[in-house]
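Listed below, chain by chain, are the residues.
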Amino acid sequence: MTTATTTRAGLIEVTGLTKRFGTFTAVDDLSFTVEPGRITGFLGPNGAGKTTTLRMLLGLIRPTSGTATIGGHPYVDLPHPLSSVGAALEATNFHPGRSGRDHLLVLADTADVPASRVDELLELTGIPAAARKRAGGYSMGMRQRLGLAAALLADPEVLVLDEPANGLDPEGIRWLRGFLRHLSGQGKTILVSSHLLREVEQTVDDVVIIANGRLVRSGPMAGLRGTPGALVQTSDPAALAGALRVADVTSTVAEDGSLVADTTDLRLVGDVALRAGLPVYGLAPRTADLEALFFELTEGTNRNLGAGAAGSPAVPLERDAMTGEEGANE
Amino acid sequence: MVGAIRSELRKFFTTRMWWGMAIGIFVGGALFAAFFAYAFTSDLAGQSGGPGGMPTGDAEQIANSVYTAGLSIGYLLLLTIGVLQIGSEYRHKTITGTFLATPRRVRAMLAKVVALLVIGAVYGLVSLAGSVSVGAVVLGLRDVDAFPSTQIVRTLALSLLVLGLWALIGLGIGILIPNQVAALLIGIGVAWIVEPLASVLLGFWDWGAQHVVQFMPTQATNAIVNAVQDGSGTARLDWWGGALTLTAYAVVLAGIGIWRTSRADIA
Chain A
95 MTTATTTRAG LIEVTGLTKR FGTFTAVDDL SFTVEPGRIT GFLGPNGAGK TTTLRMLLGL
155 IRPTSGTATI GGHPYVDLPH PLSSVGAALE ATNFHPGRSG RDHLLVLADT ADVPASRVDE
215 LLELTGIPAA ARKRAGGYSM GMRQRLGLAA ALLADPEVLV LDEPANGLDP EGIRWLRGFL
275 RHLSGQGKTI LVSSHLLREV EQTVDDVVII ANGRLVRSGP MAGLRGTPGA LVQTSDPAAL
335 AGALRVADVT STVAEDGSLV ADTTDLRLVG DVALRAGLPV YGLAPRTADL EALFFELTEG
395 TNRNLGAGAA GSPAVPLERD AMTGEEGANE
Chain B
-11 MVGAIRSELR KFFTTRMWWG MAIGIFVGGA LFAAFFAYAF TSDLAGQSGG PGGMPTGDAE
49 QIANSVYTAG LSIGYLLLLT IGVLQIGSEY RHKTITGTFL ATPRRVRAML AKVVALLVIG
109 AVYGLVSLAG SVSVGAVVLG LRDVDAFPST QIVRTLALSL LVLGLWALIG LGIGILIPNQ
169 VAALLIGIGV AWIVEPLASV LLGFWDWGAQ HVVQFMPTQA TNAIVNAVQD GSGTARLDWW
229 GGALTLTAYA VVLAGIGIWR TSRADIA
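If you read the protein sequences in the order shown, they are chains A and B.
Plus 94 on top of the position in the first sequence (first one is 1) and you've got our numbering.
With the first letter of the second sequence counted as 1, position 233 gets the number 221 in our numbering; the numbers rise by one all the way through.
It should be emphasised that the hints constitute simulated quantities derived from the structure, not laboratory data.
In this text the structure is predicted, and so the values were computed from the model without any measurement.
The beta carbon of each residue, even a glycine, is placed where N, CA and C say it ideally should be.
One or more of the hints may lead you astray.
Claimed, not checked - Derived list of chain B stretches under chain A, where covered just means 3 residues or more per stretch with a C-beta under 8 Å from a C-beta of chain A:
1) 3 to 9
2) 72 to 81
3) 85 to 96
To be verified - Okay, the calculated beta carbon distance ranges per label pair:
4) W193(B) x P190(A): 47 to 53 Å
5) R268(A) x R92(B): 35 to 41 Å
6) R92(B) x F118(A): 48 to 54 Å
7) V240(B) x P190(A): 29 to 35 Å
8) R95(B) x E393(A): 40 to 46 Å
9) K227(A) x W7(B): 16 to 22 Å
10) V(-10)(B) x T117(A): 20 to 26 Å
11) V170(A) x W180(B): 56 to 62 Å
12) V15(B) x E265(A): 48 to 54 Å
Please model the entire structure based on the sequences and the hints provided.
Listed below in structure tokens is the structure:
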């Protein structure tokens, strides 16, 4: 598999996707794209609508409106679904009385995959020893690995993984990261959901963040970290902002009264403050606290529904940069 | 489609249930055959409307009844298998994987239908292996013709179909009642207790006895295999009428179930 195969075949497009269960709107007019050949993190707190979205993408749940396509086709129209898309949705989807190997063979039958491939995958995911035991006795980690093996069975171009790190120990999470990187290196498109940004931040290229069924953000991971800057605490932020403007440095006053200067040159900020006669109580490079950012993004919409784009005022700079960068990641 | 059918058969034969059921159905066939072979050839039987209230029939009906006696257990077990073939998928959420592999759901469910007919035929053979071997020996010991006519062969072949059709009825029930345990209790409760009871009660009502009872699933089943009658004078369908009736039950129940499944959200 070369990068040449990752044309638009692996492109996932979600457009205006909406799902209502009675009066409850689980997914609300959600649109995003997942670029081929990249790892995309699909993030949001529990109950944000991630699983419902993935199930609509896979033809398991019928959308109230909107479409979700893979390589331009709805999942149900794929002639060989398992060799186009591999999905691991829940680690509990196994009959407890059936062995892991038999579970894979049941799937293999439908996709004309030989038994030798099943054994190959059991080896690859590191569970050959357990394969002939009944799945009821599997640990959570083994179930996750078996789910991954099932997803990879027919060597699909696209992988859809719902919370694959759930129940894995730190060792298992590290293994998963390496494994996803390895698959991505083969040119596969990977969409991986998680409710923990930290869990995937080292793995993903792009993020799609949703809360309350709505899109909060999408774009490259690098954009989420924000532009690097300097964080200053001073007695009169507005005065320092003015002084910095003279020195050709833009800045913003954050809600807590500190000033965010768009420069990495801490010495310059200190010098400007000294010349302006302003006391500096704190001066530090600003590193994006992704977990806090994620929390703010998703919590912000929880408090006032629908305020996704204008919700939390503490991070206005990155948001604009972010939406500007969307789609510019090819 | 062939792959999906193979997959369904593998699902069935990769859990321990299949050989437990096979033993049950073999032993059931053997025991019932032995019991009825003895009972039908006892002194009380054979006299029309005899004092003991024993069922009556000619030699062919006796042989049919003996060989298909195991069906009264067999069809309940196949009903159970039909319920479980879909019920366990809901319960263990493996239905997700099934529909991911075969996203055209009607196709996925038709694969289940074909697989259940095959399973019904296989268990039918198991049941017959038990009942014919034991039944023929007992009939032989009682000096009754064990194979009075070639019609017996038709009966034996049809009993395979009967079990397949009951499995489809189970499939329909299993879909319409997604809770597996409730589906089993209701399905077996109705087939084993409610329906025979209703047949008896309707039998007291002349019009019902003549026009309704014969279309009950178990009555239709008895008609297909041409078992002995209890002599109460209720009407009975021909074997093909019984087959059509039972097929209608299977088609309607499985059909509604498949239609429901093809539209449902799989969460």
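Status of the hints after comparison with the structure:
1. 3 to 9: Three-residue rule met by the region 3 to 9 of chain B, so holds; n is 3.
2. 72 to 81: Since 3 is at least three, the answer is holds.
3. 85 to 96: holds (count 7)
4. W193(B) x P190(A): 47 to 53 Å: The hinted range 47 to 53 Å holds for W193(B) and P190(A), with Cβ atoms some 49 Å apart.
5. R268(A) x R92(B): 35 to 41 Å: About 39 Å separates the Cβ atoms of R268(A) and R92(B), which means 35 to 41 Å holds.
6. R92(B) x F118(A): 48 to 54 Å: Since R92(B) and F118(A) have Cβ atoms about 29 Å apart, the given range 48 to 54 Å is violated.
7. V240(B) x P190(A): 29 to 35 Å: Cβ of V240(B) to Cβ of P190(A): about 33 Å, so the range 29 to 35 Å holds.
8. R95(B) x E393(A): 40 to 46 Å: Because 44 Å falls inside the window, the suggested range holds.
9. K227(A) x W7(B): 16 to 22 Å: holds (18 Å)
10. V(-10)(B) x T117(A): 20 to 26 Å: Taking Cβ atoms as reference, V(-10)(B) and T117(A) lie about 44 Å apart, which means the hint is violated.
11. V170(A) x W180(B): 56 to 62 Å: violated (39 Å)
12. V15(B) x E265(A): 48 to 54 Å: holds (50 Å)
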